[in-house]
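Asker: Sequence:
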Amino acid sequence: MSFPFGPTEALTDERRTALEALADLDRPIRTICGKGVTSANLAVRLDRAGYTDVAAVSGGCVTGTNCTRRPRGPWEGLVVVQFGRRGKGCLSYLVADERVGEAVVIDPGRHLDRYLTVAGERGLAITAVLDTHVHADHISGGRALADRLGVPYRLGAGAGERDAAVEYDPLADGEAVPVGDATLEAMETPGHTSELVSYRLGDHAVFTGDALFVDSLGRTEPSSARPARPTARGWRITRSTSGSVGSRPG
Numbered sequence: 014m015s016f017p018f019g020p021t022e023a024l025t026d027e028r029r030t031a032l033e034a035l036a037d038l039d040r041p042i043r044t045i046c047g048k049g050v051t052s053a054n055l056a057v058r059l060d061r062a063g064y065t066d067v068a069a070v071s072g073g074c075v076t077g078t079n080c081t082r083r084p085r086g087p088w089e090g091l092v093v094v095q096f097g098r099r100g101k102g103c104l105s106y107l108v109a110d111e112r113v114g115e116a117v118v119i120d121p122g123r124h125l126d127r128y129l130t131v132a133g134e135r136g137l138a139i140t141a142v143l144d145t146h147v148h149a150d151h152i153s154g155g156r157a158l159a160d161r162l163g164v165p166y167r168l169g170a171g172a173g174e175r176d177a178a179v180e181y182d183p184l185a186d187g188e189a190v191p192v193g194d195a196t197l198e199a200m201e202t203p204g205h206t207s208e209l210v211s212y213r214l215g216d217h218a219v220f221t222g223d224a225l226f227v228d229s230l231g232r233t234e235p236s237s238a239r240p241a242r243p244t245a246r247g248w249r250i251t252r253s254t255s256g257s258v259g260s261r262p263g
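In this note's numbering, the protein residues as written are 14 to 263.
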């Protein structure tokens with residue numbers, strides 16, 4: 014639950030009553046904010062007020078909600094590492110052919126070091142950076158990561174319709190992006206945004222950005238110039254896959 018609280022604010026009786034009306038404070042309490050400053054203050058105030066099992070997430074959303082994991086699947090020598098920002102609900106991916114030592118990053122956030130760290134630990138060279146679409150809800154690190162590495166930054170060919178403010182190499186529908194000996198196929202799947210491109214990794218997975226989630230479709234952005242019917246978007250992704258191919262949402 015959300016409870017506005019200042020970095021130096023005191024927990025007055027009035028504020029305490031308001032908080033108790035929103036949450037069960039007899040349970041373990043964990044606080045989190047953007048950088049961990051305000052949430053640390055609230056945790057200290059609650060502890061001093063006599064509440065038990067109170068803790069703040071160190072560093073807040075900047076450091077406390079990054080996570081990486083390797084999704085299960087029939088990868089056959091390929092590696093897919095999923096990066097999450099739970100505070101923002103954003104997922105990004107590093108897709109690699111470890112036998113060749115090459116990787117591609119899809120939908121990177123603005124905190125770039127985590128991608129470089131994982132690639133370095135595995136001895137991988139990142140050869141391209143891809144975004145599925147022009148993001149309206151968070152800052153993409155795509156252009157910055159590509160510039161830092163001196164590799165191509167790629168978006169769907171329709172990104173110009175949404176006034177993409179950075180330089181990019183356009184991807185045509187059906188174009189293949191090499192990942193070592195494997196390929197990511199660009200698939201136009203407009204609907205959430207007009208230029209959205211999903212990326213199919215052979216018979217293993219489709220990286221759908223915000224087009225298709227685990228149990229729903231991404232909403233259509235009001236600014237989309239030529240939105241497709243959501244059912245058509247989901248049908249194209251589903252039709253292109255077979256039984257073992259899973260959706261990897263953004």
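Mixed in with the good hints there might be a few duds.
[To be verified] For each label pair, taking beta carbons as the anchor points, the in silico distance ranges come out as:
1) Glu-89 - Pro-183: 29 to 37 Å
2) Glu-188 - Asp-60: 50 to 58 Å
3) Asp-60 - Gly-215: 23 to 31 Å
4) Ala-34 - Arg-112: 42 to 50 Å
5) Asp-66 - Gly-163: 43 to 51 Å
6) Leu-38 - Arg-123: 18 to 26 Å
7) Glu-27 - Ala-157: 42 to 50 Å
8) Arg-29 - Ala-189: 54 to 62 Å
Hints are computed from structural coordinates only; laboratory data are not their basis. Every residue, glycine too, gets a C-beta built ideally from N, C-alpha and C.
Asker: Are the hints correct? Go through all of them and say.
Answerer: For each hint, the structure was consulted:
1. Glu-89 - Pro-183: 29 to 37 Å: Taking Cβ atoms as reference, Glu-89 and Pro-183 lie about 30 Å apart, which means the hint holds.
2. Glu-188 - Asp-60: 50 to 58 Å: holds, 56 Å
3. Asp-60 - Gly-215: 23 to 31 Å: Distance hint for Asp-60, Gly-215 is violated at roughly 52 Å.
4. Ala-34 - Arg-112: 42 to 50 Å: violated, 58 Å
5. Asp-66 - Gly-163: 43 to 51 Å: holds, 49 Å
6. Leu-38 - Arg-123: 18 to 26 Å: Check failed, 35 Å falls outside 18 to 26 Å.
7. Glu-27 - Ala-157: 42 to 50 Å: holds, 45 Å
8. Arg-29 - Ala-189: 54 to 62 Å: Given range 54 to 62 Å: holds, Cβ gap about 59 Å.
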